[in-house]
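Student: Letter by letter, the chains look like this.
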Amino acid sequence: MDTILCSINGIPVQVEKGATVLEAARKVQVNVPTLCNHPDLPPWAACGICVVKVEGSNKMLRACATPVEEGMRILTHDPEIYRVRKTVIQLILSTHPNDCLQCSRNGNCELQRLAADFGIREHPFPQRLRNLPVDDSTPAIVLNPEKCVQCGRCAIVCQQLQNVWALEFLGRGESTRIAPAADVRLDESPCIKCGQCSAHCPVGAIYEKSDNEEVWAALQDPDKHCVAQIAPAVRVAIGEAFGYEPGELLTGKLYAALRRLGFKAVFDTNFGADLTILEEGHEFIERFTNNSAPLPLITSCCPAWVDYLEKYYPDMIPNFSTAKSPHAMVGALAKTYYPQKTGLDPEKIFVVSIMPCTAKKFEILRSREMYSSGRQDVDISLTTRELARMIKASGIDFRRLPDETADSLLGAYAGAGTLFGATGGVMEAALRTVQSVLTGQELETVEFTDIRGLDGVKSATYTVTGKPVRVAVAHGMANIASVLDQVRAARENGSPPPYDFIEVMACRGGCVGGGGQPYGANDEIRAMRAKGIYRDDAGSKKRCSHQNPEVQRLYGDFLGKPLGKKSHELLHTKYTPRPIYQR
Amino acid sequence: MSATLDATAEEQAADLVLTQNLKGFIEEKKSVPGSLISVLHRIQNHFGFVPRSVAKETAALMGVPLAKIYGVITFYHYFRTDKPGRHEIAVCMGTACYLKGGQDLIDELETLLGCSCGETSADGEFSISAVRCIGCCGLAPVMTVDGEVHGNLKPEDLAGIVAKYRET
Chain V
0 MDTILCSING
10 IPVQVEKGAT
20 VLEAARKVQV
30 NVPTLCNHPD
40 LPPWAACGIC
50 VVKVEGSNKM
60 LRACATPVEE
70 GMRILTHDPE
80 IYRVRKTVIQ
90 LILSTHPNDC
100 LQCSRNGNCE
110 LQRLAADFGI
120 REHPFPQRLR
130 NLPVDDSTPA
140 IVLNPEKCVQ
150 CGRCAIVCQQ
160 LQNVWALEFL
170 GRGESTRIAP
180 AADVRLDESP
190 CIKCGQCSAH
200 CPVGAIYEKS
210 DNEEVWAALQ
220 DPDKHCVAQI
230 APAVRVAIGE
240 AFGYEPGELL
250 TGKLYAALRR
260 LGFKAVFDTN
270 FGADLTILEE
280 GHEFIERFTN
290 NSAPLPLITS
300 CCPAWVDYLE
310 KYYPDMIPNF
320 STAKSPHAMV
330 GALAKTYYPQ
340 KTGLDPEKIF
350 VVSIMPCTAK
360 KFEILRSREM
370 YSSGRQDVDI
380 SLTTRELARM
390 IKASGIDFRR
400 LPDETADSLL
410 GAYAGAGTLF
420 GATGGVMEAA
430 LRTVQSVLTG
440 QELETVEFTD
450 IRGLDGVKSA
460 TYTVTGKPVR
470 VAVAHGMANI
480 ASVLDQVRAA
490 RENGSPPPYD
500 FIEVMACRGG
510 CVGGGGQPYG
520 ANDEIRAMRA
530 KGIYRDDAGS
540 KKRCSHQNPE
550 VQRLYGDFLG
560 KPLGKKSHEL
570 LHTKYTPRPI
580 YQR
Chain G
0 MSATLDATAE
10 EQAADLVLTQ
20 NLKGFIEEKK
30 SVPGSLISVL
40 HRIQNHFGFV
50 PRSVAKETAA
60 LMGVPLAKIY
70 GVITFYHYFR
80 TDKPGRHEIA
90 VCMGTACYLK
100 GGQDLIDELE
110 TLLGCSCGET
120 SADGEFSISA
130 VRCIGCCGLA
140 PVMTVDGEVH
150 GNLKPEDLAG
160 IVAKYRET
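Going down the list, the protein sequences come from chains V and G. Everything in the first sequence is counted per numbering that gives the first Met the number 0, starting at 0 for the first residue and increasing by one. Everything in the second sequence is counted per numbering that gives the first Met the number 0, starting at 0 for the first residue and increasing by one.
In short, the hints are calculated from the structure, not lab data. Heads up, the beta-carbon is just placed ideally off N, CA and C, and yes, glycines get one too. Incorrect hints may have been included.
Below, computed lysine to aspartate or glutamate pairings styled on DMTMM-like, alpha-carbon distance capped at 25 Å [to be verified]:
1. 82(G) / 182(V)
2. 55(G) / 484(V)
3. 67(G) / 39(V)
4. 310(V) / 56(G)
5. 29(G) / 484(V)
6. 67(G) / 182(V)
7. 565(V) / 549(V)
8. 55(G) / 182(V)
9. 29(G) / 491(V)
10. 52(V) / 69(V)
11. 67(G) / 186(V)
12. 55(G) / 314(V)
13. 82(G) / 187(V)
14. 67(G) / 173(V)
15. 67(G) / 145(V)
16. 55(G) / 186(V)
17. 565(V) / 368(V)
18. 67(G) / 484(V)
19. 55(G) / 187(V)
20. 67(G) / 135(V)
Covered stretches of chain G, as calculated for chain V (at least 3 residues, CB under 8 Å) [stated by the list, open to error]:
21. 44-55
22. 60-66
Just chain V, same shape as in the assembly (with noise of 0.2 Å):
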C-alpha cells in the first residue's frame, strides 16, 4: 500500500495514497467542520466550510475534495480560518429561515450544530428568502427547497447511489434550486419514495411526511382499538436516539414503549416476514421445480423497489413475487384473523406500522390491494424517527423501560424474521426454508454468510436436492441494473437466466439503513445495526420461518396452506408498468 507522510498542525501524519486532508485530519483528531461532506458521497466541495491552509498555497483549500500530497504543510484551524469559517455559515444562514423551532431538524440539524459550535450571534447580511413553494405532493417526503443549503447531498444520492434521477440542481448561481425535472411534483416525477434524500440532507429541507398527529388522535378515540407492529430494522437503530450505541437490540423495551404509548396490541412484522417467506418461498418452489412462471424470481417486500420496478423494469413484472410486503400481510390479517379470533370488530381496528421506511407510507395507499381486508389494511405507517418522538414527547423513559414481549397471533418470529432488516436477509430466510421444504429435513447449518455485508452486489450458488440455486442479491437502487441488465440480456438472447431468485432492497445496507432511520447513517453504523440483527437472529429459538408456531397455528386455523385461496385474496398483490414521469 502507498502511504504518503504530509503534516497536519505541526503533526507528521501518515496516510493511503488518494486520502483526502480531511481524512488525513481525523488521524490526528481533528474533525474539520463540514456541512456538503457526507461518508457516502464523492466530495462535492459545494459549501467552503471546511477550508484549511497548505503550506505555499496562497487561497485557502477545501479539506474535503484536497488529497494529500507528500510533505504537504496543513493548518486546518488558526483564528483566520475560524473567520472565514464563521462568515461562510453566516452567509449560509442570510438565505436560511430562521423558524429553527419548528423545523423537523430542531435538535438535529447538521447547520444549526455548526452556528452553534461557532457562537453565530448576529446576522450581519441582510435575510434573503425566496419563497419557494413547499412540495408535500407524495404521502412520503416533503420538499422544502426555502430550508436548501444547496449542498447536493440529496441529488447525489437520488442519482449517484439511487440511479432514480427525481431530483436536480435547476437554475444556476443565487436562483438554483433542488427540484424534479421541469419543476413537476415529486409525486409526478420519478421519485420512489425511498427517503435517502431525507437520510442524507443536513437541514430541514427533505424529511418524511409526518403522521405522529394522526397516530395521536387514533389513540385517543376511544371507538379504535390501536393495534402496532414494528420493522425488523427498528429495533436495532431506535435506540440511537435515546443514546443507545447503533445495532443494541431493543426489542422488549419497544414493545414496552409502545403499549405505554396505549396501543391495545403490540404485533411483530417479523411474524409478517415469517409468512412472506412461505409465501415467497413457495412461489419460488413452485417456479423452480414446476416451471411455473419465469425465474428468477424476484423479491417484492421493499416499497421503494417496486415503484422504481414498474417504472424503470416494468418487463420484469412477471419475475416478481406476488407477495405483499411483511408488514402490509400484518395490516390484512390484523383486520381478518386477529378480530375472528377475539370478536373484536374489525372497523375500530387502526394499525400502525413503525418501519425504518418513508416509502411504506406510499406503499400503504399504493393499490387496491393494500385495501384487501375490506378497509385499508395498514392506516398510519410511522418512521422510526417519528416513533422516537412520540415516545420522548410522551415522557416515556426509554431507557428504562422494562422489556416486554409480543402479543399473539401475530407477534411471534423465528430468527429469519428479523434477518428481513439486512441486506441478503429476505433471501437468507428463503433459502433456509426453501431448503427443508424441498429435502423434507431441517439444515443443519442455518446460516448463509456469502449473501451478507456491504458489498453492492452478492451471488452465491447453493445446491438443492441435486440442483443449483443461483441467487443474487443487490442494494441501494443503483446497484440493481448490472443484476436486471444480464437477466433481460439473457432473455434475448433465448439463453438461460444467469440466476434463479433475487433479492433487491432500495437502501445501501437494506432497511437498516432506510430512509426513515435516526439520522446520521453510513457504514459503519449501518455495520453495526446489521449485526444487532443477526445477533437477534442467533439468538432465536426457532431460526427458520416455517418453524414458527403462530405461522403454523395461522395456515391450520384460517389461511389454510400457502398460495391458497386466502392466501392470495389477503397476502398478494398486482404489479402495474408505470411512465417514469407521470406527465
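Position chain G against the provided structure of chain V, taking the given hints into account.
Tutor: Here is chain G on its own, set in the frame of chain V:
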C-alpha cells in the same frame, strides 16, 4: 428563466416532436461523451426553445435522465424552456441602462403584457427578457424588439411601441 410546465397543450401539438434530421443528429452524437449540449443547441435553434415533449424524447433516445437535461437547460441562459412570443423584447440591464431606469422599463412591460420578465404573454405575442449591455449605452435606456433597437426610452413610450408590433 424558470422552467414552467404549462406546455401541456403544446406538448400534444404534433409539431413539437423531434424531426428526422434532429433524430439523425442525436443518433450520430449519442455515443460521443459530452455531446448533450450540442444536441440541445440544435433543438433550441430549431424550435426557438426546448419543448418538454422534445426534451423527453431526447432523454429516451440518448439514454440520459430527463433531470440531467433540465439541469443543463436551466443552467445556461442560452436555452429557454417556454415558447418565445411572436415578438421578442429584450430590455438592456447593462450598467448604463440599469442606472437610467432599465428596471422601470421591465416593470412597465410586465404591466402592459401581463407576464413577468423571462416569460411570454398569454396571447403568445410577446416575450420579455433582460439582457446584458447591447453596446449602445449612449441611447440608454434601450431595448430591442425582434432585434430593432429603441433608445432613450421612458416607460410611457412603451405602450405605443408594443401596439405597433402587435399590428405587424
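Student: Decide, hint by hint, whether the structure agrees.
Tutor: Structure-based check of each hint:
For a cut-off of 25 Å, the pair hint linking residue 82(G) to residue 182(V) stands: about 16 Å separates their Cα positions. Restraint check for residue 55(G) and residue 484(V): the C-alpha separation of about 23 Å stays at or below 25 Å, so the hint holds. About 21 Å separates the Cα atoms of residue 67(G) and residue 39(V), which keeps this hinted pair within 25 Å; it holds. For the hint pairing residue 310(V) with residue 56(G), the CA-to-CA distance comes to about 16 Å; that is within 25 Å, so the pair holds.
At most 25 Å may separate the alpha-carbon atoms for a hinted pair to count; residue 29(G) and residue 484(V) meet this at roughly 20 Å. A C-alpha spacing of about 13 Å is found between residue 67(G) and residue 182(V), which places the hinted pair at or below 25 Å, so the restraint holds. Between residue 565(V) and residue 549(V), the direct Cα distance comes to roughly 17 Å. Compliance with the 25 Å bound is thereby established for this hinted pair. In summary, the hint linking residue 55(G) to residue 182(V) is supported, as the alpha carbons are separated by about 14 Å, within the 25 Å threshold.
Annotation: proposed proximity of residue 29(G) to residue 491(V) holds, straight-line Cα distance about 23 Å (limit 25 Å). Restraint check: the Cα-Cα separation between residue 52(V) and residue 69(V) comes to about 16 Å, which is no more than 25 Å; the hinted pair holds. A hinted pair counts as satisfied when its Cα atoms are at most 25 Å apart, and residue 67(G) with residue 186(V) qualifies at roughly 18 Å. Restraint check for residue 55(G) and residue 314(V): satisfied, since their Cα atoms lie roughly 20 Å apart, inside the 25 Å limit.
Taken as a hint, the residue 82(G) and residue 187(V) pair is honoured in the structure, with Cα atoms around 22 Å apart against an allowance of 25 Å. Under the criterion of a C-alpha separation no larger than 25 Å, the hint pairing residue 67(G) with residue 173(V) is consistent with the structure, at around 19 Å. For the given pair, residue 67(G) sits about 22 Å from residue 145(V) by alpha-carbon distance, which is consistent with the 25 Å threshold. Distance check on the hinted pair: residue 55(G) and residue 186(V) sit about 17 Å apart at the alpha-carbon level, within 25 Å; holds.
With a C-alpha separation of about 13 Å, the suggested pairing of residue 565(V) with residue 368(V) holds against the 25 Å cut-off. Of the pairs offered as hints, the one joining residue 67(G) and residue 484(V) holds, with about 22 Å between alpha carbons and a cut-off of 25 Å not exceeded. Between residue 55(G) and residue 187(V) the alpha-carbon distance is near 14 Å, which keeps this suggested pair within the 25 Å criterion. Using a Cα cut-off of 25 Å, the hinted pair residue 67(G) and residue 135(V) holds, with the two alpha carbons roughly 23 Å apart.
Residues of the stretch 44-55 of chain G with a Cβ under 8 Å from some Cβ of chain V number 3, which satisfies the need for three, so the listed coverage holds. A stretch counts as covered by a chain when three or more of its residues have a beta carbon under 8 Å from one of that chain; for the stretch 60-66 of chain G and chain V the count is 3, and the coverage holds.
Hint violations for this structure: none, all hints satisfied.
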